[in-house]
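Protein chains: 2
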Amino acid sequence: MFRNIMLSRAVRKSLSYGNAVLAGFSGSYYCSRVCFHQTAVCKVASQAECAFRPAKVAVVTKTTRYEFEQQRYRYAGLSEEDLKQLLALKGSSYSGLLERHNIHTFNVGHIVESLQKQGIEVRVVKRGEYDEETVRWADAIISAGGDGTMLLVASKVYDKSKPVLGVNTDPERSEGHLCLPVRYTHAFSEALQKLRKGDFRWQWRQRIRMHLEGTGINPTPVDLHELQLSLQQHSKAHRISTGTQSSTPHDSPEAPHLLPVRGLNEIFIGESLSSRLKYKSFKPHLTLSLHRASYYEISIDDGPWEKQKSSGLSICTGTGSKAWSYNINKLVEQAVEDVLRIAKTKTGLEVPLNREFVESVTDTYNESLIFSPEEDKLFFSVREPIVNRVFSNSRQRGFAKKVCVRSRCWDACMVVDGGTSFEFNDGAIATISLNEEDLLRTVILD
Amino acid sequence: MFRNIMLSRAVRKSLSYGNAVLAGFSGSYYCSRVCFHQTAVCKVASQAECAFRPAKVAVVTKTTRYEFEQQRYRYAGLSEEDLKQLLALKGSSYSGLLERHNIHTFNVGHIVESLQKQGIEVRVVKRGEYDEETVRWADAIISAGGDGTMLLVASKVYDKSKPVLGVNTDPERSEGHLCLPVRYTHAFSEALQKLRKGDFRWQWRQRIRMHLEGTGINPTPVDLHELQLSLQQHSKAHRISTGTQSSTPHDSPEAPHLLPVRGLNEIFIGESLSSRLKYKSFKPHLTLSLHRASYYEISIDDGPWEKQKSSGLSICTGTGSKAWSYNINKLVEQAVEDVLRIAKTKTGLEVPLNREFVESVTDTYNESLIFSPEEDKLFFSVREPIVNRVFSNSRQRGFAKKVCVRSRCWDACMVVDGGTSFEFNDGAIATISLNEEDLLRTVILD
Chain A
1 MFRNIMLSRA VRKSLSYGNA VLAGFSGSYY CSRVCFHQTA VCKVASQAEC AFRPAKVAVV
61 TKTTRYEFEQ QRYRYAGLSE EDLKQLLALK GSSYSGLLER HNIHTFNVGH IVESLQKQGI
121 EVRVVKRGEY DEETVRWADA IISAGGDGTM LLVASKVYDK SKPVLGVNTD PERSEGHLCL
181 PVRYTHAFSE ALQKLRKGDF RWQWRQRIRM HLEGTGINPT PVDLHELQLS LQQHSKAHRI
241 STGTQSSTPH DSPEAPHLLP VRGLNEIFIG ESLSSRLKYK SFKPHLTLSL HRASYYEISI
301 DDGPWEKQKS SGLSICTGTG SKAWSYNINK LVEQAVEDVL RIAKTKTGLE VPLNREFVES
361 VTDTYNESLI FSPEEDKLFF SVREPIVNRV FSNSRQRGFA KKVCVRSRCW DACMVVDGGT
421 SFEFNDGAIA TISLNEEDLL RTVILD
Chain B
1 MFRNIMLSRA VRKSLSYGNA VLAGFSGSYY CSRVCFHQTA VCKVASQAEC AFRPAKVAVV
61 TKTTRYEFEQ QRYRYAGLSE EDLKQLLALK GSSYSGLLER HNIHTFNVGH IVESLQKQGI
121 EVRVVKRGEY DEETVRWADA IISAGGDGTM LLVASKVYDK SKPVLGVNTD PERSEGHLCL
181 PVRYTHAFSE ALQKLRKGDF RWQWRQRIRM HLEGTGINPT PVDLHELQLS LQQHSKAHRI
241 STGTQSSTPH DSPEAPHLLP VRGLNEIFIG ESLSSRLKYK SFKPHLTLSL HRASYYEISI
301 DDGPWEKQKS SGLSICTGTG SKAWSYNINK LVEQAVEDVL RIAKTKTGLE VPLNREFVES
361 VTDTYNESLI FSPEEDKLFF SVREPIVNRV FSNSRQRGFA KKVCVRSRCW DACMVVDGGT
421 SFEFNDGAIA TISLNEEDLL RTVILD
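Protein chains in written order, with the UniProt record's numbering: chain A, 1 to 446; chain B, 1 to 446.
Please note: incorrect hints may appear among the correct ones.
One copy or any two copies: either way a pair holds, since identical chains are not told apart in the list.
[To be verified] Mimicking DSS-like on lysine-lysine, the simulated pairs with C-alpha atoms at most 27 Å apart in a straight line are:
(1) K346 x K330
(2) K402 x K117
(3) K307 x K84
(4) K307 x K160
(5) K330 x K307
(6) K344 x K117
(7) K307 x K194
(8) K330 x K344
(9) K402 x K56
(10) K126 x K401
(11) K117 x K84
(12) K401 x K117
(13) K194 x K56
(14) K402 x K194
(15) K344 x K162
(16) K56 x K117
(17) K344 x K402
(18) K56 x K160
(19) K156 x K307
(20) K84 x K160
(21) K160 x K401
(22) K307 x K56
Note that these hints are calculated values from the structure, not bench results.
The shape of chain A in the complex, shown without the other chains (with noise of 0.2 Å):
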């Protein structure tokens, strides 16, 4: 699936995104010379060109766990004392969570001091905080949390030209596929250094688009299965968008309306779990949740369109191919193992089925589900197919430049890089492909 330069067998299984293979990129540039930036050449040549020099750096902090339920608890007035008994009571531990916000925060300060040693004029910005006023003002943007936080920080950078950068803050806790090797974490000057003389990669990363149209589309929020709300207004909303009031055959169909967003791991289109009916009959504490299976068409590549039922459908770049398209798609042993054992029984060949051999095939066949975050194709796999007499399912899975998917549910919605979610209804379409111009640029540190 991609060809492995300086990959070494023990990086791969670490699924250590660090050591990435560029597979052969052409594009525009930062550096002042035209490079192809593989490594060869970046060391070979000046160093200079590639050196990475900012003057101003905006560093997004997470929000850590311990400070999340104090804020939960503060309209309470809850002392310390009292949140720690109910963490407790709850059979969380207050002194974990402040331990573990503790050892955020000192990440956080070396990474400040190490720039402003450096003479870079640094803004220490939080989560809730971090706007586009802020990547306006920054030369490069440093996200200081885990992969979470680096989604959010890329969420808001459209232009290609400006770096972003991952520090994990606390390794112990957070896996860090986007951030840098851990052991920068301790040692950012270290990493600066690099930066500075040009011992360092470019990376840029494909990212997905959007395109929705169709009536399906509504600016106004509306719960249809909240019988309570008016009517009235969704129908409204429904002739205003499609222009049903003085519909004519000279009206002009709208045009597919590119979306605010792009996803750096993934899109998933699904039935929301969200759709909440009461009923009187019901105790309060019981609602009626409809948790149903998605309904849509999809056509791959502008090929044939196919009726599909089935927990929801993933679309992911390189980078998202490690995330959660990999949970979905990957095998585990026992899964496996069965396989093994069944064609054994059915062949009457000698099918090794000790742990070793298991766990190799496992690792091979998960391994195969990762691509580079620089290779210019989409990812897409279905969740969970349902297959009967209604319902086909020619590939579960594959690559495609482009996918189209017409939504045929009934309260869904597509969810992008796990953070924001767009309504996705009976008659939405969406376009999903990727685009050079929406590359995010972040570091390779060996």
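Keeping the supplied structure of chain A fixed, place chain B upon it in accordance with the hints.
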């Protein structure tokens, strides 16, 4: 997994419930004579004892899509012509929906007529009107719809002597796993004849019960992520439910609370997509929703507690082993083929990779996921387990008599049969088990 009596290959492949096995079952019965309900005994002994001759039957009908769409726009005062256009704009077919509606209505009529011809008193009850009083009144209840309607009907029946039958009123659109064989939809009098003669078998389907305890239970629904809500209410509710207002070591712990529902298919535990935070920087149609992995601890059959992170946990009965659980665990041919190919490459053995063999291995694997509705065991499976430094996963699935789950989630729920959900947040402990008292009495017709 279960012994097959009179199970033809074709029947097994079609996953028909009608011929599932009675796997050694004991208990008290409705019949005047104690009998073990194996086919031989029923047919040899007096069939009159096994005859089924209800005097009063409730027929619970589903809401068709057509009826739903009509109700949805009721307040807008749309004419049928308006409705037709609106549906057409969404790509739905008004005439198609009307056709399905008419088919359903016709089939309901057939059921009612057949019952009345036998001098049986019939009450036709819409889905929304069905209640405990209906159950008390009826000698037997017929579900006229699909599997969803059967689940609803079963959800109000707690008396294991009260028979429930499902008739699939739209076989072309509905799978009807929980319903009588499709031919009885148009020949219901024939079904009635067999019931009256005793030419059938009782099937007692196991159901799941749940006990809930701990501080995560909140009788008042409070959405912690809606920061506008009064958090004093939440804090107060917590204090009341945990009795911390006067906390002394002498306070006895709250006893586990038996929930007033039973799962016929499965219990599913997971983080809800419904956490929605509204930030002022987003336009109205973008709501930040947080789709998180589910964190919990699990103990199987009083075994050691294990911390897990996944997309959720499914615990099903034999009935449910063909439903959602099946879709979570089944493999597609594409995946099986890849596993076999990798095994072939690694061993050099002549593992077949042709379509027929791959299909055969896939079918055998998937069939092993199914077990009899009458077996008194639960099947647990972890959906998309996340394995890393912190979280382990010793077994992705298996059988158990009892499963305990402790929530470490922020906004999770326990969903019963895809229809009813309970808050299940940080600190709550659920004990999931089977009990003979909860059996649902249904019918097997050949």
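Against the structure, the hints:
1. K346 x K330: both (25 Å within a copy, 19 Å between copies)
2. K402 x K117: neither (46 Å within a copy, 59 Å between copies)
3. K307 x K84: The answer is between: 22 Å across copies meets 27 Å, while 52 Å in one copy does not.
4. K307 x K160: neither (37 Å within a copy, 40 Å between copies)
5. K330 x K307: Both. Shortest intra-copy (24 Å) and inter-copy (20 Å) distances satisfy the 27 Å Cα cut-off.
6. K344 x K117: neither (64 Å within a copy, 57 Å between copies)
7. K307 x K194: neither (52 Å within a copy, 39 Å between copies)
8. K330 x K344: both (22 Å within a copy, 19 Å between copies)
9. K402 x K56: Neither. Shortest intra-copy (37 Å) and inter-copy (58 Å) distances fail the 27 Å Cα cut-off.
10. K126 x K401: Close neither inside one copy (36 Å) nor across copies (48 Å); limit 27 Å.
11. K117 x K84: neither (38 Å within a copy, 69 Å between copies)
12. K401 x K117: Result: close neither inside a copy nor across copies, 45 Å intra and 62 Å inter.
13. K194 x K56: within (18 Å within a copy, 83 Å between copies)
14. K402 x K194: Classified as neither; 38 Å inside a copy, 56 Å across copies.
15. K344 x K162: neither (55 Å within a copy, 47 Å between copies)
16. K56 x K117: So K56 and K117 pass the 27 Å test inside one copy only (13 Å; across, 86 Å).
17. K344 x K402: neither (40 Å within a copy, 33 Å between copies)
18. K56 x K160: within (17 Å within a copy, 72 Å between copies)
19. K156 x K307: neither (35 Å within a copy, 34 Å between copies)
20. K84 x K160: neither (45 Å within a copy, 47 Å between copies)
21. K160 x K401: For K160 and K401, the Cα distance is within 27 Å only inside one copy (20 Å; across copies 56 Å).
22. K307 x K56: neither (51 Å within a copy, 42 Å between copies)
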